[in-house]
Amino acid sequence: MKEGDKMPQPAKSAKLQLLQKNPNKKNVKELKKRAEAEERLQMKSDNIRAPEWLNETAVRAFNFLKDELLEIELITNGDIYPLAMYCYWYAEHMNLQAQAVLVQAENPEAIGNPLIKQLDTCSKNMRSFGSDLGLSPSARAKLAIKLSQDEGDDEWT
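Residue numbers for the sequence shown follow my numbering, beginning at 677 and rising by one.
Among these hints, one or two may not hold up.
[Unchecked claim] Derived BS3-like pairs: lysine-lysine, alpha-carbon spacing no greater than 25 Å straight-line:
| id | residue 1 | residue 2 |
| --- | --- | --- |
| 1 | K720 | K709 |
| 2 | K742 | K800 |
| 3 | K708 | K720 |
| 4 | K800 | K818 |
| 5 | K793 | K742 |
| 6 | K742 | K709 |
| 7 | K818 | K720 |
Rather than coming from a laboratory, the hints here were simulated on the basis of the structure.
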């Protein structure tokens, strides 16, 4: 891709385009049909519960994030497992941090900590799942930008 070339924009919700008074001048009849299809594809959010395999720390994180994400209608039943995986890695990170403190306290003269690589892995996994779920400020900013864009093509061509 050459400098200045634009990447194709991800598809924007037809319902959103209709609410924005069709800024891309699409066929309104087609947009209404697409909005109806999107509505049929919308997953429910009535059964979002932490999976039993999560530990207590992960369940607390899951319930907190579930409430926050439901408040802004950002998750559905289909997001249970990515959210659970984020919470799993969060709990692992918290556990490893506690262990790292103990290791350092037991051997203050040691250079480096053997748990750093595992902590880094947890952080990377949390960042990946968190980004998918809109959990970081930058992920939410990207979502807001996509929702507010009213120019450019809304479909892959």
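Hints versus structure:
{"no.": "1", "hint": "K720 <-> K709", "result": "holds, 20 Å"}
{"no.": "2", "hint": "K742 <-> K800", "result": "holds, 21 Å"}
{"no.": "3", "hint": "K708 <-> K720", "result": "holds, 21 Å"}
{"no.": "4", "hint": "K800 <-> K818", "result": "holds, 19 Å"}
{"no.": "5", "hint": "K793 <-> K742", "result": "violated, 29 Å"}
{"no.": "6", "hint": "K742 <-> K709", "result": "violated, 31 Å"}
{"no.": "7", "hint": "K818 <-> K720", "result": "holds, 24 Å"}
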